[in-house]
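Number of protein chains: 2
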Amino acid sequence: MELHDQNTPTVFHPPVNSRPGSSWRSLMIGRPLPTADSGHQTIGKLVGLAVFAADALSSTAYATQEILVILAAAGTASLVNAFPISVAIVVLMAIVILSYEQTVDAYPSGGGAYVVARENLGDLPAQVAGAALLTDYILTVSVSVSSGVAQVVSAFPELFRYRVEIAIGVVILVMVVNLRGVRESGMAFAIPAYLFLAAMLLTVAVGLVRSLFGNLGVVTDPPPLLTTSTTIQLLTPFLLLHAFSSGTSAMTGIEAIANGITAFKEPRSKNAGTVLIWMGGILAILFLGISYLAGVTAAVPSEAETVISQLARTVYSGEGVIYLVTIALTAIILFMAANTAFAGFPRLGAILAKDGFLPRQLTYRGSRLVFSRGIMALGFIASVLIIVFNASVTALIPLYAIGVFMSFTLSQLGMAHRWWKSGHLAPGVESKEKSSVLRYDRHWLIKMVTNSIGAIATGVVTLVFGITKFPDGAWIIVLLIPLMVVWFTSIHHHYEKVAEQLSLKNYHPRPHVHRHRVVVLISGVHAGSLEGLRYAKSLSIDVTAVYVCLDPEEAKTIQAKWNAWGEGVRLVVLDSPYRVLIEPLMDYIKDLGKIRQPDELITVVVPQFIPRHWWNGYLHSQTAFMLRMGLMLQPGVVIVEVPYQVD
Amino acid sequence: MELHDQNTPTVFHPPVNSRPGSSWRSLMIGRPLPTADSGHQTIGKLVGLAVFAADALSSTAYATQEILVILAAAGTASLVNAFPISVAIVVLMAIVILSYEQTVDAYPSGGGAYVVARENLGDLPAQVAGAALLTDYILTVSVSVSSGVAQVVSAFPELFRYRVEIAIGVVILVMVVNLRGVRESGMAFAIPAYLFLAAMLLTVAVGLVRSLFGNLGVVTDPPPLLTTSTTIQLLTPFLLLHAFSSGTSAMTGIEAIANGITAFKEPRSKNAGTVLIWMGGILAILFLGISYLAGVTAAVPSEAETVISQLARTVYSGEGVIYLVTIALTAIILFMAANTAFAGFPRLGAILAKDGFLPRQLTYRGSRLVFSRGIMALGFIASVLIIVFNASVTALIPLYAIGVFMSFTLSQLGMAHRWWKSGHLAPGVESKEKSSVLRYDRHWLIKMVTNSIGAIATGVVTLVFGITKFPDGAWIIVLLIPLMVVWFTSIHHHYEKVAEQLSLKNYHPRPHVHRHRVVVLISGVHAGSLEGLRYAKSLSIDVTAVYVCLDPEEAKTIQAKWNAWGEGVRLVVLDSPYRVLIEPLMDYIKDLGKIRQPDELITVVVPQFIPRHWWNGYLHSQTAFMLRMGLMLQPGVVIVEVPYQVD
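Residue numbers (the working numbering), protein chains in the order written: chain D, 1 to 647; chain U, 648 to 1294.
Simulated from the structure, these hints should not be mistaken for laboratory data.
Heads up, some of the hints might be wrong.
[Unchecked claim] Quick list of in silico lysine to aspartate or glutamate cross-link-like pairs, DMTMM-like style, CA-CA up to 20 Å:
(1) U:Lys692 - U:Glu766
(2) U:Lys1208 - D:Glu500
(3) U:Lys1079 - U:Asp752
(4) D:Lys537 - U:Asp752
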């Protein structure tokens, strides 16, 4: 080792072969990437719109249909209410977007609900926002993929009975793509996103024109109607609110821009804010257009064919090429929305883990520089949901969007509190917070009011949602989020306690070890146990060999052989009337521990037989491993594994 | 420790609490039993007949039906051939029983096919017999339980669609009973066995009498016919041989008495031989009676209703109490046959394991003195078969009995060879073999001829079976048995090589360890790593601390803290561009290994953080565990885990 300066660490650079990963893994997810490769590429407004469009605009593919499903309970005549409900949702959307404009402006380094809540409201609201967002990312995957598969199935009804299998296949595909690591390549997103946008706008425009000229007609050969009720109910205000709640799924994805501000070119906040407005406009046009046309063409909600498919084949008078292209683009944009969640979920998981609310392993980037564990967890849970809910969007919808609205509310509340603080700073004074700079804003009052209106509106919707959809499945989320918060808190508590215990602040070095009392376990007298004995004798002169006796006859043979080979070391035979190995050893070592002196350590030497090929491991009992598990909780006992390889 | 004589081992008797097992396990399978409890209870002839009846006699519940299924391919008119085929099977059975009488006589300590083949034919035939018997034990469970459930379903057709679930439930129940340990309690077997025997004999007798008086009639409302062919085939000799093969399943269970001789009261061989004759007689009467009556009443093979059920309701003119009792007893005797396999499979597995052909763990008796691992393996594989073959006896039958006939053949061949050896001994000379005593027998020639005829007859049937049933599923067994033999051989080879390497015959003690070169891994500078350092310094003065650097900034902080706390020990920082922990460490330690001196050992000290509750383990990375896996194959490297508990 060369001499080195005390303050620059000696860094040992490994050779090239110290790259991890087996060949099959490389084939699947690609060769490992070094940390130095992680760069960042920023995007302009047009590409930015495309990147964030998938999540937000794809929801127009199912929102109208989910309003219709609820209204259908009051008979087909009530379906006309879908349009006014859609208008109400667009008004709510405008409030939220206005509110989010202020967030984007204040948090140029990313203003997700978790970050805003943590900085302005405290740990508990932040954890609620985190739990709500995590559940919603999972549901984004399940709902988007299920809806995408529903579009495919609308065009090819013979695939209907394989919809769960297809959906799982898509989730796995998106998961593998994300494990390889998606470069934020704008083009890959921009092309399908703009094609989808063009196809949808064309469908709406042609539909409106044909409707204007009175030759649009209605859906021919409509699919079987899906409704939540077998008897026709009254069109109560409750039912209308229920339909409204289902429709708010159209608003999911709006928050994505606030989370992803750092992806934009400078001036980041301004660009992101502009894209947010554009997106709101497009979303409103598409959603209102689809809802209006669904009413005009008498489209019905159905499991067999989506409303988008009914619209497209009515507008284009049949299932020609343009119909198929529209459906294909809709399915692709929905699968891309799932892809967006695969980026967001692991990133939020890593932020929560870094703050000590989730297992720290979630902060490690895998060989491809992505948070592999989070990606796999998301893929697994989303797949389970798809299986349990049979890939039905209507069945999944009651669980969806409640998390988004909860996080909307917390985020707006946080912003309102932030403006209040801002208004109470002296002009010119800057307060540097964790991820933003707070300074006096002379418009603080109007901004606070804007965010407060947003918070109240989304808060009320969250309540309406929770109440109207409670029996349909929202109860799962209402139960889950507090449980997740409890879990986060217990993890946080654990890490804090560990940090305190490991801290050197109150650390008093313990006395140096002066003596080792060594116990060497033997399973017989053979080359392996003598190797263990050799090591044990190098540690201390106080060595005892221990043998667990399952068969008294054998004990005598062992003793005789030990007398010849044991180099005078004492052999203790432990009787094991219940034919178990671990328990008598544990008892013996515990008894030794009772007579241990403070400067003395008990070291247990376990000669471990290592077969040349790991797959032969099952032919040998894993005593060392079991013992390690058992003795780990015993203070002052150290386990030494002396491997004995056979080759 | 008290003084002790060099030749009597110091035995440490553990306190009572060193009894293994958690409370839920005790609830499920009962409290642990000490080794001293293993006793043995012998049985007389009448009870012996009952104990071994389940396996042998229960096959009459499906053998006739399986003949009919094959014949049905040539039209219902061909079903009359079932009786002559049954007569042929009974003739074969007589030959086999005569042949087995001689085995029972020669092997008073148990003459299973594996033992006989190993002693008289060598390792390879023994392994084939072992593989054949193990597969057949598995199929005994699958077939008997499926047939038992088919009886239940015949009486309660509404249960038909749950037959797989019911069958799995029965397998689990029998498995749990066996994990608790079945005392060889004669009465528990004798009562249902004799009731079954009485019910069957009564059914056959009443049927024959009614048939004699011409008022038996035919099966009313017969179930849908099951056949292997949709078009009517010719009644070829091949088809007849095929039907014969299926019917030979009636002979399974005959070998059980030869395996279980030790269960009998003295004179063991004589008693076992008598019971074997009795059982052959009863089996012949029942099987011929059922086959005859099936023809007279025009019973048809069906998945919906068993032939036994059709017979019973025809003989007793309806589904009254006596019908239900007969069906219930048939189902019970079939489940008891599965239970017999649960005793035989683990016992044979343990014998094979003791001879080094299967993993040695199979020889350990569990807390209830039974071979738990073998029992669980059998339950699992049999359940998989039931699921794959949909609990259909007809689907399972082509896999069944081929193993039994293979082992019959090997066993008779072995006996023939034994008589040949016996004929070439001088009178009065005794040759002590592993599990029997061989002496001159003046009837050796006639005995050799008897066993040879048995071997030829069963060998021909094995071939017929393999050919006629090959496409239906016998190919699985034809493939599986050689694969199992290859597996046994590779295990044997592995154990032999290990024994040779561990042997002290050519052992030259290696030089004593004079120096430890100690590497202590640190994940940071905290109380845990200082604890590791403390231990490392007690082993040697040559200590190096190693830190794997994922983030260059953090490395500087660590170096600075180490300068304050590291007690002057050198710190090496390993760069890890791919963000992995294990690979750079492995490379570093391998490099150290290259400069190792013969009397020097590299000891890697891993401070291992132990959370107070094991369920918090997932919150910490398991570096020590991963490192252990990686370094185990590195010669001359010892791993020391220094636990650091948080409490």
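Status of the hints after comparison with the structure:
1. In summary, the hint linking Lys692 of chain U to Glu766 of chain U is not supported, as the alpha carbons are separated by about 28 Å, beyond the 20 Å threshold.
2. For the given pair, Lys1208 of chain U sits about 17 Å from Glu500 of chain D by alpha-carbon distance, which is consistent with the 20 Å threshold.
3. Pair hint Lys1079 of chain U plus Asp752 of chain U holds up; C-alpha atoms about 16 Å apart against a cutoff of 20 Å.
4. Distance check on the hinted pair: Lys537 of chain D and Asp752 of chain U sit about 57 Å apart at the alpha-carbon level, beyond 20 Å; violated.
Consistency note: the structure conflicts with the earlier hints numbered 1 and 4.
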